[in-house]
Amino acid sequence: MNEFKSGFFVGGESCNGRVLVVDDEPDIRKVVRMTLQKAGYEVLEAENGAKAIETINAGENRLLLDVMVCDIRMPKVNGIEAISYFRQNYPRVPLIVLTGFPDTDMATSLLRQGVVDYLVKPVEGEKLKSSVARAMEQRELARL
Amino acid sequence: MEARSEIPAATTGHSSGTGRAEDMPPPLLTKVAIIGAGRGGAALIELLHQLRTVEIAGITDRNPAAQGLQLARELSVPVFAGVSDLIGINGLNLVMDVTGDPAMEKILRRQIPAGADLLSGPSARLLCDLVRHESALQAELLRTDKLAGIGSFAAGIAHDMNNPLQLILGLAENLIDECDIDAVHLQAQDIVEAVKRTTAICRDLTSYSRRSSTHPDNAIPINSKLDEALKIARYAVGLQDIEVRKSYWPDVTVTGNPDEILHVFVNLITNAVQAMEHGGALTLSTASIDGSTIVRISDTGHGIPQEMVSRIFEPFFTTKPPGKGTGLGLYNIKNVIHHMHGTIGVESRLGQGSTFTITFPRETGSNDGSGSP
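Listed in order, the protein sequences are those of chains A and B. Following my numbering, the numbering of the first sequence begins with 1 at its first residue and continues without gaps. Following my numbering, the numbering of the second sequence begins with 1 at its first residue and continues without gaps.
No lab work stands behind these hints, which were simulated from the structure alone. All values derive from a computational prediction rather than experimental measurement. Think of the CB as a built atom: it goes at the ideal place given N, C-alpha and C, for glycine as much as any other residue. Be a bit skeptical, because a hint or two may be false.
[To be verified] With a cut-off of at most 30 Å between alpha-carbon atoms, the simulated DSBU-like pairs for lysine-lysine come out as follows:
id, chain 1, residue 1, chain 2, residue 2
1, A, K38, A, K127
2, A, K76, A, K30
3, A, K30, B, K231
4, B, K246, A, K76
5, A, K76, B, K196
6, B, K196, A, K38
7, A, K127, B, K246
[Claimed, not checked] Partner residues aside, some chain A positions facing chain B, computed with beta carbon under 7 Å:
id, residue
8, E25
9, D27
10, V31
11, A39
12, G59
13, R73
14, P75
15, V77
16, F101
17, L119
18, K121
19, G125
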């Protein structure tokens with residue numbers, strides 16, 4: 001399957017990439033969106049793992065999604081289940097965990113599964129942006 | 001297969017058990033009279049009334065305002081005006097003199113009915129010390145279990161604290177270069193709300209973790225206590241995939257220690273949610289039937305194997321992995337409920353769920369105002 005970089009052309013405007021933010025708290029999605037949009041990313045939102053899976057399987061997202069930022073403690077399909085699904089079905093989409101719970105064992109396990117970063121809230125905008133930028137680079141390399 | 005167990009309130013000679021307890025031979029009762037209702041007498045009555053093998057025939061004290069007399073009335077233990085009337089009761093096995101008064105001991109030695117033993121002087125003092133020690137241990141046990149439970153709140157607290165903190169940080173960073181004054185106002189308001197959310201968490205938990213208050217005789221609005229417990233339990237267990245159903249009878253109250261009953265509800269709700277690993281329904285219901293108050297906490301989880309149902313109220317019995325449960329939760333719950341003269345029972349079906357039912361004896365309702373039947 002040919003893959004395209006979302007930065008080329010999205011909705012008529014160029015952008016640095018497309019990020020899916022998965023978190024059950026609308027407030028968190030709002031501030032993450034705010035931060036990433038300022039850095040030139042297009043942001044999609046999903047309120048739980050099930051919605052995230054639905055979103056990534058919808059239309060062009062399958063091809064154009066670059067990075068996913070995912071919470072762990074969520075209803076329906078939780079972060080762990082969603083991450084496992086994405087690692088299996090979309091191994092080239094880099095994942096960043098953004099969680100409220102600092103759990104070393106979980107962080108180690110997820111990083112071993114290939115998660116790019118395990119960020120614990122509250123995380124500064126610069127740190128989030130740098131993590132997303134690193135994930136974007138990883139995404140680029142996966143396309144080569 | 002359905003499994004049932006009901007743990008009746010300790011008898012004071014006039015209550016009887018149901019469920020499994022009915023199958024047991026009746027316990028051999030020791031009929032006891034207590035002389036002296038000061039601190040020692042009060043501690044003694046508080047402990048003895050929990051024992052199924054003891055019937056407290058009555059208590060007396062020269063001082064009508066003695067603290068043990070009030071407690072005796074609350075526990076439906078007969079209060080006598082004089083020593084002679086009390087020790088004249090037929091069938092007494094033991095007279096316990098906790099007055100510490102040598103003159104009283106002499107009188108009792110002369111008047112004690114045939115067939116009854118007298119416990120007085122240093123022996124009675126030692127017994128009172130032991131009873132007070134036991135009472136302090138029970139209170140500590142309850143607190144230990146509560147604190148152990150708070151350890152499991154870590155994930156929930158981190159989640160609920162760090163989410164508003166993320167909002168506060170994100171908005172504050174954004175405000176640094178936000179030029180739109182309306183947006184500044186809105187975001188500042190969001191920050192204020194987020195700070196309020198974090199302080200509410202601290203308030204809930206510090207109030208829950210404190211030692212139980214020593215004034216037990218409050219009228220507790222049961223419905224709002226269940227709501228409060230649900231709020232606290234969600235720090236220990238995620239309720240994301242749990243459908244919470246409430247069926248509340250209006251204005252139900254019981255008399256007891258509000259901190260202890262909150263602990264009971266938090267524990268039962270936490271257990272119920274933990275039994276539903278893959279989601280399910282948690283039902284909280286209250287009812288008032290023939291003057292009794294019934295509280296039911298039901299889950300649609302994995303259920304309890306029949307061979308374990310009769311053991312779950314034993315101290316240190318746990319099915320949880322090491323480090324996850326103290327095994328004191330249901331034991332403490334049973335003690336608190338018995339202390340309030342109530343009963344607690346469980347019905348469970350493997351693969352279908354469990355229902356814990358607490359029955360408090362006759363209480364009249366007052367103002368609660370939450371929910372409807």
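Each hint, compared with the structure:
With a C-alpha separation of about 14 Å, the suggested pair K38 of chain A and K127 of chain A falls inside the 30 Å cut-off, and the hint holds. With a C-alpha separation of about 21 Å, the suggested pairing of K76 of chain A with K30 of chain A holds against the 30 Å cut-off. At roughly 25 Å between alpha-carbon atoms, K30 of chain A and K231 of chain B fall within 30 Å of each other, so this suggested pair holds. A distance of roughly 21 Å separates the Cα atoms of K246 of chain B and K76 of chain A; the hinted pair therefore holds under the 30 Å criterion.
As the CA atoms of K76 of chain A and K196 of chain B are separated by approximately 28 Å, the hinted pair is consistent with the 30 Å bound. Restraint check for K196 of chain B and K38 of chain A: the C-alpha separation of about 28 Å stays at or below 30 Å, so the hint holds. Taking the CA atoms of K127 of chain A and K246 of chain B, the gap is about 43 Å. The hint is violated against a cut of 30 Å. Checking E25 of chain A against chain B by beta carbon gives a least distance of about 5 Å; that is within 7 Å, so the hint holds.
With its C-beta approaching chain B no nearer than about 5 Å, D27 of chain A sits inside the 7 Å limit, and its interface hint holds. A hinted interface residue such as V31 of chain A counts as satisfied when its beta carbon comes closer than 7 Å to some beta carbon of chain B; here the least separation is about 3 Å, so the hint holds. With a least beta-carbon distance of about 12 Å to chain B, the hint placing A39 of chain A at the interface is violated under the 7 Å criterion. The interface hint given for G59 of chain A is broken, as the beta carbon of that residue sits about 28 Å from the closest beta carbon of chain B, more than 7 Å.
A distance limit of 7 Å between C-beta atoms decides the matter here; for R73 of chain A the minimum to chain B is near 5 Å, and the interface restraint holds. Hint status for P75 of chain A relative to chain B: holds, with the closest Cβ pair at about 3 Å, below 7 Å. At about 10 Å, the closest approach between the beta carbon of V77 of chain A and any beta carbon in chain B exceeds 7 Å, and the interface hint on this residue is violated. With its C-beta approaching chain B no nearer than about 4 Å, F101 of chain A sits inside the 7 Å limit, and its interface hint holds.
Restraint check, L119 of chain A versus chain B: the minimum CB separation of about 10 Å is more than 7 Å; hint violated. Annotation: interface hint on K121 of chain A holds; nearest CB of chain B at approximately 4 Å, less than 7 Å. Annotation: interface hint on G125 of chain A holds; nearest CB of chain B at approximately 5 Å, less than 7 Å.
In summary, the structure is inconsistent with hints 7, 11, 12, 15 and 17 from the numbered list given earlier, while agreeing with the others.
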